[in-house]
Amino acid sequence: MTPRRVFSALWSILPLVISLVAVGAILIPIFLESTPWPVEARNHLEDQGVAESGAQNLVSAVYLGYRAFDTLGETIVLLVAVSGTIGIIARAKGALAKGFDREDKGSPVPAVALAAGTTSLSAPPPRLRRAKTRTDLLEVVTGKLGPVVLVFGFYVMLYGHLSPGGGFQGGVVIASGIVFLALGGKEGASTRLTEAGVLARLEAMAFFFLVLAAFLGMFMGSGFFTNFLAGVGLPSVGFIILLNIIIGLKVGAGIGFMGIAMLSRVEGAKGEEVNHD
Amino acid sequence: MSPDRFIFGVVMLPLLGAAIAFIAKAFGRDRWTKGLEYLGAFVGLGLPWVVMVATLPLVLEGGALEGVVGLWNPAVGIFYRFDGLAWMVNLLGFSVAGAAWIYSLGSGPKGPAFTAVFLIQTSALAATSMTADIFNLFVCLEVMGIASYVLIASSDKPGSFLAAFSYLMVSGTAMVFFLLGIYGFYRLTGYLSYQGIATGLASLPNFGGVTGILSLALITAAVAIRVAIMPLYGWLPDSHALAPHPVSAVLSGVLIKTPLFALSRVLLLLPLGAQAGELMGYAGAITALVAVVIALAQKDSKRLLAYHTVSQIGYVVAAWGAAIAVGVHTSLGALLMAGAFLHALFHALFKGLLFLSVGTATDTAGERNVYQLRGAGRILGRAGERFPVTTLTFFVAALAITAMPPMNGFASKTFLTYGLKGTWQYSLLFAASLGTMASFIKLSRIFWPPKKSTLTEPVETNPDKPMDPVHPARKIAQGLLALACIGTGLGAPALFALTTELFSSGPRAAGTTLGALARAPQLYSVDTLQTTLWILIGGIMVFLGAGTPWGSGLLRVVRERPRSFRGLFVSFSLGVAGLSAWLLFI
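Residue numbers (this note's numbering), protein chains in the order written: chain W, 1 to 277; chain R, 1001 to 1586.
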């Protein structure tokens, strides 16, 4: 290596080094902070968490009770991410080729695009070929495991107020059960849970009920996102169970939908479902 | 029903609309789909106005709705505060989003999925405007961000995926640091609400010392990425230029300002917030000038507009930062804050209109290059636009952004610069005004008649090509925004009074009324008109200067300056480091 090349190599990692040093210098004092930990929220949860929310699992009490509004936001992040991913998968072939291979005469391809490694992405995305990615072993194992995983997912979702778990975790397990079923099931299998259209409907309805559950407190409870079930005389933990179920179904359907889409079943089966334009 | 019950309607009605649109998408394929989608849009963009009107008397009296979501214990719940500031930000959001959605009916992207994501974005705007909890602010920013990445990627322009991706990457990185900043504050105080953090810090020796300062720097810098001021603006031009036109209008008009006003709640409460605001104000003034120079160099008409967004947000941040630095209780601070807000609002209207009208013209002509496209008005006429709505609305918006009376931009820039008079920021903003004038003379050339000697526009060369008629929805949206530009321009003094009145319920301790403190400066005085004349003359000179070989050579260097994906991250870390150093040592 000539000194000139060493120099240019160093020069090219210089920004990286500067960034890391700057960020490190900022973060280290925060992590080395030595003031005593604040205890007020902890004490409140310890003393009254179970009584106020009704959930034995205080994590559930926090994310579906005290800070359910934040959870609504995070659920929406997931919903939009899934929706956007499906949209990109559905259009990726054409648009990617258009974006990377050809230059639009009116607008030059942005320099950012060029710097981000145009060449590595210019090949069309590899398509999953069914014949090569599927084996008997895979089909038998996933097909048999799928229902078991689904049941476990529902357990995690329904017992979230008592034990570790809840809607998000249970939903992801449900989604893996759905993906297992899709991998294991043959064409024309007996479940409809692996159809993109069914999952999309399930997700949309779950989201609708989630928004409704937040809304109903305005009319039936004592305010926005209050427990409307307590208003009609049910135990207060009912609201957390309800939210766990709704979120579990929504997350399961959403992520399962995305999994199915990545197995490239969406375009064939329900092409128009995912068409954004 | 008391207002604190339904106030979350501004957040939840768009979400309900989005849910309806998602249902339309999932169950669709019959004649109900469209109906359900439009119902969703009405619920999400129309019904919130009922809430807005219902809460207006309350915020006009200087009142505010505040409390904990779900009525939980304040130690662990989420605080919200709906006051004049939140009302004004919602006004901005719902007016531009409504017009942009109507426009999208004529231009695309169409379909229930687009409507749903668009409504979610609107909902996140409303939620951001009224949150008083720092973790909830994080969630709101995330929702807003993810909706905009998806909307940018929904464009079929080449490169829009990459634009969305770089925005996602840089803003996702910034949000990690935002979260670390939240950790720092929570570690020190045990609270997540703004008020709790402020009181917690006040009880600590030295306001929490280095950790407190660094946490503030992390949070401020992460929001500054969203606001796109120098040096953190790099993601914006691509995303805004490549997004679909109605999305560009909302991104430029509303999305980059909402985090700024949400941040003002934090900075006004926390110790050292004033210093952070001061530095952001300086960065804003520099941004206004630098971005306009880059804008002047652009060829692509929408990219030119995108750089103007960076420049105009620089104006807003310059005044906003100065207001935070002197404190909004002082009469100067109140004047500056009101000027900053009015410019944000007016910019939302005229920049939204610019994106829409330029979008219509360039779509119809099939050409976006400023140097190529000529006679856009005639092309639009051939496309069936008998009354030149697009041409007229473009010129309304161009006059507004260049601060010509009686448009709204003149009023807000006058208010805003009046408060900065005599500072070095004022000179930078004045220079930026010349650049704005010059670059809009340049952009308006797309409506000039074609020159015989130069290249004729591509449509002229093949007259057989059938032209899509301009959809009436586009004209309606443009007309509405143009009327709003003129109307707000004529009613600016009254709006100024209203703004200061509404901000008096703003993020501050109860006590003095702000409205009495801020006097609106005289709009049409010899002084302001003289300034306008100088801007006009100076702008023409700059425009002519840019046309000379020397000028165009310089602009080419600016246009072709190296930009890189990595640069976005380097500039972020340098921005955080700079802000931290400023707060630590000054």
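Calculated directly from the structure, the hints in this document are not laboratory data. Cβ atoms here follow ideal geometry from the backbone N, Cα and C, with glycine treated the same way. It cannot be assumed that every hint is accurate.
As the list claims (entries may be wrong) - Cβ-to-Cβ under 8 Å is the rule here; a few derived chain R residues that face chain W:
#1 Leu1214
#2 Arg1378
#3 Gln1522
#4 Ser1525
What the hints assert, rightly or not - With the C-beta cut set under 7 Å, the calculated list includes, among others, these residues of chain R facing chain W:
#5 Arg1005
#6 Ala1026
#7 Phe1027
#8 Ala1075
#9 Ile1146
#10 Gly1184
#11 Phe1207
#12 Val1210
#13 Leu1533
#14 Leu1536
#15 Ile1540
#16 Met1541
#17 Pro1549
#18 Trp1550
#19 Gly1551
#20 Leu1554
Let's test the interface hint: is any C-beta of chain W closer than 7 Å to that of Ile1146(R)?
holds (5 Å)
Status of the hint placing Pro1549(R) at chain W (closest C-beta pair under 7 Å):
Since chain W brings no Cβ nearer than about 22 Å to Pro1549(R), farther than 7 Å, the hint is violated.
Next item in the hint list is Gln1522(R). Is there a CB on chain W closer than 8 Å to its CB?
violated (43 Å)
With 7 Å as the cut and Cβ atoms as the points, is Leu1554(R) at the interface with chain W?
violated (18 Å)
Hint check: 7 Å Cβ-Cβ cutoff, Gly1184(R) to chain W:
At about 4 Å, which falls below the 7 Å cut-off, the nearest Cβ of chain W leaves the hint on Gly1184(R) intact, so it holds.
Checking hints one by one. Is Leu1533(R) an interface residue toward chain W, by the C-beta closer than 7 Å rule?
Violated, because the Cβ-Cβ distance from Leu1533(R) to chain W comes to roughly 36 Å (cut-off 7 Å).
Status of the Ile1540(R) interface restraint (C-beta, 7 Å, chain W):
violated (27 Å)
Next item in the hint list is Phe1027(R). Is there a CB on chain W closer than 7 Å to its CB?
OK, holds: Phe1027(R) within 7 Å of chain W, min 6 Å.
Would the hint on Trp1550(R) stand, with a C-beta cut-off of 7 Å toward chain W?
violated (23 Å)
Restraint check, 8 Å cut-off on beta carbons, for Arg1378(R) near chain W
Check failed: Cβ of Arg1378(R) comes no nearer than 19 Å to chain W, outside 8 Å.
Taking the least C-beta to C-beta distance, is Ser1525(R) closer than 8 Å to chain W?
Nearest chain W Cβ about 43 Å off; hint violated.
Per-residue hint verdict: Ala1075(R), partner chain W, C-beta under 7 Å
Since chain W brings a Cβ to about 5 Å from Ala1075(R), closer than 7 Å, the hint holds.
Comparing the model with each earlier hint shows violations of hints 2, 3, 4, 11, 13, 14, 15, 16, 17, 18, 19, 20; every other hint is respected.
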